Amino acid sequence: GQNIDQPTEMTATEGAIVQINCTYQTSGFNGLFWYQQHAGEAPTFLSYNVLDGLEEKGRFSSFLSRSKGYSYLLLKELQMKDSASYLCAVHDYKLSFGAGTTVTVRA
Amino acid sequence: DAGVIQSPRHEVTEMGQEVTLRCKPISGHDYLFWYRQTMMRGLELLIYFNNNVPIDDSGMPEDRFSAKMPNASFSTLKIQPSEPRDSAVYFCASSSGTSGTEVYNEQFFGPGTRLTVL
Chain A
1 GQNIDQPTEM TATEGAIVQI NCTYQTSGFN GLFWYQQHAG EAPTFLSYNV
51 LDGLEEKGRF SSFLSRSKGY SYLLLKELQM KDSASYLCAV HDYKLSFGAG
101 TTVTVRA
Chain B
1 DAGVIQSPRH EVTEMGQEVT LRCKPISGHD YLFWYRQTMM RGLELLIYFN
51 NNVPIDDSGM PEDRFSAKMP NASFSTLKIQ PSEPRDSAVY FCASSSGTSG
101 TEVYNEQFFG PGTRLTVL
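Chains as they are written, first to last, in the working numbering: chain A, 1 to 107; chain B, 1 to 118.
In short, the hints are calculated from the structure, not lab data. Hints may be right or wrong, so weigh each one.
Within a straight-line C-alpha distance of at most 20 Å, the following computed EDC-like cross-link-like pairs (lysine to aspartate or glutamate) qualify [claimed, not checked]: (1) A:Lys94 / B:Glu44; (2) A:Lys57 / B:Asp57; (3) A:Lys94 / B:Glu62; (4) A:Lys94 / A:Glu77; (5) A:Lys94 / A:Asp5; (6) A:Lys94 / B:Glu11; (7) B:Lys68 / B:Glu44; (8) B:Lys24 / A:Glu9; (9) A:Lys81 / B:Glu44; (10) B:Lys24 / B:Glu11; (11) B:Lys78 / B:Glu44; (12) A:Lys57 / B:Glu44; (13) A:Lys81 / B:Asp57; (14) A:Lys81 / A:Glu41; (15) A:Lys57 / B:Asp56; (16) A:Lys76 / B:Asp30.
Which stretches of chain B does chain A cover? Using the computed rule of at least three CB atoms under 8 Å from a CB of chain A, they are [claimed, not checked]: (17) 11–25; (18) 65–72.
Note that the structure is predicted; figures quoted are calculated from it, not measured. Here a beta-carbon is modelled for each residue, glycine too, at the ideal position from N, C-alpha and C.
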C-alpha cells in the first residue's frame with residue numbers, strides 16, 4: 001500500500017520562504033510529483049523528481065531523497081497568489097496523493 | 001484549445017438515482033484520467049484510459065461505478081445507484097505523455113464536477 005504524509009497547514013509572510021515536507025512509504029517508486037491547487041480549482045502540475053537531488057523552476061524548487069522516502073517543495077519570495085493547497089503525489093504502479101498542505105500567505 | 005471540458009459543473013441528485021459525468025479531453029491527448037476529491041480521502045485516481053482502453057481501474061471504489069471511453073474525444077463516469085458518500089468533486093484529466101510516469105507530469109485537469117447526493 002501507500003502512505004504519504006505532509007503537514008496539514010502552514011502560514012508564512014509575503015516575501016518569505018516556506019518548505020513543505022513530504023514523506024512516503026510505497027511499494028514501488030517511479031517518481032514524485034508536486035501539484036498546486038487553488039481553492040475551488042483543479043490541480044496544476046508544479047514539479048517532478050525521479051532522481052535524488054534538487055530540481056529548480058523559478059521560485060519553486062523540489063528535492064528528493066529516495067533512500068529516506070522524503071521530498072520537499074520550497075517556495076521562495078512568497079506572493080499572495082501562492083496561497084493554495086500543495087499536493088505531494090507518488091507514482092509507484094499508479095499515482096497516489098497525499099492529503100495536501102494548505103499554505104496561507106499573509107501580507 | 002479549450003482545455004479539458006467537463007459537464008455538468010454541478011450536479012445535485014437524490015440517493016438511488018443514476019448519475020453520469022462527462023468529459024471531453026484535449027484534442028490529440030491519448031491518456032484520460034478520472035479522479036475523485038473529498039475532504040476525508042483527498043484526491044484519488046479512479047481509472048485511466050490509454051487510446052480509449054481502460055488500463056487501470058483499481059481505484060474504482062465499487063461496482064456502482066463504471067467508466068467508458070467510446071471514442072478519443074469523450075468519456076463518461078457513471079454511478080448507479082448513487083449514495084450520499086459519493087458526494088465529491090470529480091476531475092477528468094488528459095495527457096499526451098508517451099508512457100509511464102511522463103503522462104502524469106503532462107496531464108491537464110478539467111474544472112471538475114461537484115456532485116452532491118442527498
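Status of each hint after checking the structure:
For the proposed pair Lys94 of chain A and Glu44 of chain B, the alpha carbon gap of about 10 Å is at most 20 Å, so the pair holds. For the suggested pair Lys57 of chain A and Asp57 of chain B, the alpha carbons sit about 33 Å apart, so the restraint of at most 20 Å is broken. Restraint check: the Cα-Cα separation between Lys94 of chain A and Glu62 of chain B comes to about 18 Å, which is no more than 20 Å; the hinted pair holds. Restraint check for Lys94 of chain A and Glu77 of chain A: not satisfied, since their Cα atoms lie roughly 33 Å apart, outside the 20 Å limit.
Distance restraint check for Lys94 of chain A and Asp5 of chain A: the Cα-Cα separation of roughly 17 Å lies within the 20 Å cut-off, and the hinted pair is therefore satisfied. Of the supplied pair hints, the one linking Lys94 of chain A and Glu11 of chain B is violated, its CA atoms being roughly 28 Å apart against a limit of 20 Å. The suggested pairing of Lys68 of chain B with Glu44 of chain B holds, with an alpha-carbon distance near 18 Å, which does not exceed 20 Å. Restraint check: the Cα-Cα separation between Lys24 of chain B and Glu9 of chain A comes to about 34 Å, which exceeds 20 Å; the hinted pair is violated.
The straight-line distance between the Cα atoms of Lys81 of chain A and Glu44 of chain B is roughly 25 Å, outside the 20 Å bound, and the hint therefore fails. Our distance criterion of 20 Å between C-alpha atoms is met by Lys24 of chain B and Glu11 of chain B, whose separation comes to about 17 Å. For a cut-off of 20 Å, the pair hint linking Lys78 of chain B to Glu44 of chain B stands: about 16 Å separates their Cα positions. Between Lys57 of chain A and Glu44 of chain B, the direct Cα distance comes to roughly 26 Å. Violation of the 20 Å bound is thereby established for this hinted pair.
Proposed proximity of Lys81 of chain A and Asp57 of chain B is contradicted: the alpha carbons are some 35 Å apart, above 20 Å. With a CA separation close to 13 Å, the supplied pair Lys81 of chain A and Glu41 of chain A stays within the 20 Å bound. Among the hinted pairs, Lys57 of chain A with Asp56 of chain B is inconsistent with the structure: their alpha-carbon atoms are about 31 Å apart, more than 20 Å. With a CA separation close to 35 Å, the supplied pair Lys76 of chain A and Asp30 of chain B exceeds the 20 Å bound.
With a threshold of 8 Å between beta carbons, the proposed coverage of the stretch 11–25 of chain B by chain A is violated, since 0 of its residues qualify and at least three are required. Coverage of the stretch 65–72 of chain B by chain A is violated in this model, with 0 residues showing a Cβ closer than 8 Å to a Cβ of that chain against a need of three.
Hint compliance for this structure: hints 2, 4, 6, 8, 9, 12, 13, 15, 16, 17, 18 are broken, all remaining hints hold.
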